[in-house]
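A.B. asks: This is what each chain is made of:
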Amino acid sequence: MGSVTRIVLQRLGLGLLTLFIVSIVIFTAVNMLPGDFAEAILGQGATPQAVAAIRHDLGLDQPPVSRYLEWLADAVRGDLGTSFAQANFASFVGSDAGAGMASVADTLVPRFRNTMFLAGVTAAIAVPVSLIIGVLAALYRNSVFDKVANMATLTSISSPEFFLAYILILFLAVLNPWLPSLSNIYDGMGFGERLEKTMLPALTLTLVVTAHMMRMTRAAIINLLASPYIEMARLKGLSPMRVIVRHALPNALAPIINVVALNLAYLITGVVVVEVVFVYPGIGQLFVDSVKIRDIPVVQACCLIFASAYILLNLLADILSILSNPRLRHPK
Amino acid sequence: MNDNAPLLKIRDLRIEGRSDETWLPIVNGIDLDLHRGEVLGLIGESGAGKSTVGLAAMGFTRDGCRISGGSVVFDGQDLVSASADAKRALLGKRIAYVAQSAAASFNPAHKIIDQHTEAPVTHDVMDKAESQADAMELYAKLRLPNPDEIGFRYPHQVSGGQLQRAMTAMAMSCRPDLIVFDEPTTALDVTTQIEVLAAIRRIVDEFDTAAIYITHDLAVVAQMADRIKVLLKGDEVETADTRTMLAHPTEDYTKSLWAVRSFARPVKPAVAEGSVPLVSVRGITAAYGKVDVLRDVSFDMHTGRTVAVVGESGSGKSTVARCITGLLPPRSGMVEFDGTPLPADYRKRTKDQLRQIQMIYQMADTALNPKTRIGDIIGRPVEFYMGLKGRAKRARVNDLLNQIELDPDQYYHRLPSELSGGQKQRVGIARALAAEPRFIICDEVTSALDQLVAEGILKLLARLQDELGLTYMFITHDLATVKAIADEVVVMKDGKVVEQGGKAEMFRPPHHPYTDLLLSSVPEMDPDWLTDLLAERGADNLGDAAIDKM
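Chains A and B, in that order, are what the protein sequence lines are.
Mind the numbering: the first sequence is residues -12 to 319 in our numbering, read in order.
Mind the numbering: the second sequence is residues 133 to 682 in our numbering, read in order.
Wrong hints could be hidden among the right ones.
Said to hold, decoys possible - Ranges of calculated distance between the beta carbons of each label pair, as one might list FRET restraints:
id, chain 1, residue 1, chain 2, residue 2, range
1, A, ARG314, B, PRO461, 24 to 30 Å
2, B, GLU550, A, VAL(-9), 44 to 50 Å
3, B, ALA636, A, LEU307, 57 to 63 Å
4, B, ARG168, A, MET138, 50 to 56 Å
5, B, VAL423, A, ARG128, 40 to 46 Å
No wet-lab data here; the hints were simulated from the structure.
Model, not experiment: these values are computed from the prediction.
From the three backbone atoms N, C-alpha and C, an ideal C-beta is built for every residue, glycine too.
The shape of chain A in the complex, shown without the other chains (with noise of 0.2 Å):
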């Protein structure tokens, strides 16, 4: 078990360090795009007065070396800034400067929350699904089911997302009405109700993922198929369901695990496009949303966010496949 300690140790330690990187890249990247907050926020009526305001209230005067360090000092205890957009809206209003002016965590926490509603609700229909529907195609495998299923899902895995989201729109809002097309959520719905607002995308989502999935839970467990010891589990007059749940899908885990976690980390980072057609309220929209007005503390908070997911959970993935390892988990 020290050897799963250290790894952990030792990957926590490089995820600090790509969480540095991808900041930097970031944030060079948001400067290099033409225009700044100033100039995206007044558009066609800037005067130049204006704009000069508005960059020395923010700070955009400054050269980027410093803002980024000053962004990093923060950032390093734990103070993510406050978004400009937020901050600019109070200085409107004629209200104190400082006062009022939600901090970028503020504005993110709930968006977060609610990705992370969307993600969850995905993820429990779509992995066990997938995981089924793997292990059947497996058992049935060349058989009309399997070739059903495998036709299914990569037809829905090549179609465009927002594409899926509209046929499932069409067919189970329009023509029958059973969801809600829109999934505008706000705090203090209740779990229900928020449960039945998110059941489109998450439906739109699982029809992405789940080929992916499957198809690595299929292929894993076949590959296994011509092991002597599944072959000595034929030879004890098993039945197939059982030689391929217990016997070969144990030992495919390690696969299917990773395959899983990435997918995971996509239904976090890569689902812009379905919330924006079903207006759902999650981070994908906040991130782009600031992106085009240039409010680099919210672009950056979401950027750390995207690249923590695919740290947290390929460390997550790593660890379960060490530990599916009955070599490892019982050492000599």
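Put chain B on the given structure of chain A with help from the hints.
C.D. replies: Using the frame of chain A, we list chain B on its own:
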């Protein structure tokens, strides 16, 4: 039921295997009768169809194979026409299987005892608690250490010989009428093999189980079987009871199998006093990580002679080879070549020093690049070491192919997958010869081959030694091979040399006790050998125990 009717009756069994789009015959009409309590030995070389017939006796064929004709009648029921459900009801319960490699055939994800209880619980023979208690009893009967506890370990936590006995116990879990043993001791060392053979025989006797015992080792089958059936390329050669078969084989093929063990080289004169050894291993201590695998190993190898390094797996034989070739720099000690010390790391050796020492590997399959043609495999060292190109290189490769008795016109452009096991090993030899070395390390070069093929390789190596004055270091665990070709013998155990000397002295008593154990553990053709040996050693003083005492 009628006691005279055979338990298993196979008639005109035909099995085909798919090759691309066509079906090729693997087994061409085998008949077989097996009575209750009888053990039938099934022997032959690889490709003879032994395992295929053994599995077909259970109504089972591997993927890509099919039973194309004949019948397999087990206790009145034809398994060829039986439904999958009907077969499943028999498998594990009345017919059980013991596979070649227990390490590969136990599921790594579950405890041994959970795999043991699976068949009895599935077939409603016992409930889980009863089956566990029964498993512990069987473990005790098979003389496994800590029978109450060993089942709760995972397969990788138990040694190979113990796993093989646990698998025999697992086959016994439902007290089947028939067990198919598929080369159950082939992967084991000789000393471990004895424990497993003794355990199998004891339990088969005790429960009066009928068995099909598949092996390519004649001496083993002589100990285990009441009757022997010899197979060759899917056809039966002959069947007779064991003693008759051993004493009076009627077919030429059977006689040739029997004769393999008689190959031996003439004894060479002793090494002249004071001559410089070609390779001298001096006090080598080596380690993988923190674990010492060699401790102060020293021995000499003289020009034109064959030194056999013997010992069980894990004794450090191959590690010595890695130190000599410089792949594993030793922690202390050194290797001298022709009187001059060699740099410990191969990266620091000159090209000429590298050229002088070549290796031939155990698994020709994995030692040859599957995507490279034979001519290029041999041509590469010709170009690299000898600097030959174009026509000169081609001519040299043709010479080498002729030396290993493969026709250059036929084989130059072939891929390794188009060659048989023995031919691949010959290519491995040619690749080593291409560097024109003086010293060749042969690492278990015949242990993956059938006896007739292995004999061909040994004869080839002997001829090349005579013609080219080569020196061989021959790593092996097979003492029959040692007897056949060695001039000197080095016996290793736990990373140390326990005994060394000329072959004649080694095979003449008195021995070091470990050498004695190794020698006495090699099965002999005498069908009473195992019985006598067990009586001599005392039933409880086998393998593990005997080794521990030293």
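A.B. asks: If a hint holds in the structure, say so; if it does not, say that too.
C.D. replies: Quick rundown of the hints versus the structure:
1. Under the hint 24 to 30 Å, the C-beta atoms of ARG314(A) and PRO461(B), about 29 Å apart, fit the expected range.
2. At roughly 46 Å, the beta carbons of GLU550(B) and VAL(-9)(A) sit within the given window of 44 to 50 Å.
3. In this structure, ALA636(B) and LEU307(A) meet the distance hint of 57 to 63 Å, their C-beta atoms being roughly 60 Å apart.
4. For ARG168(B) and MET138(A), the Cβ-Cβ distance of about 53 Å falls inside the hinted range of 50 to 56 Å, so the restraint holds.
5. Against the hinted window of 40 to 46 Å, the Cβ-Cβ separation of VAL423(B) and ARG128(A) comes to about 43 Å, which satisfies the hint.
Figure legend: structure checked against the earlier numbered hints; every hint is met.
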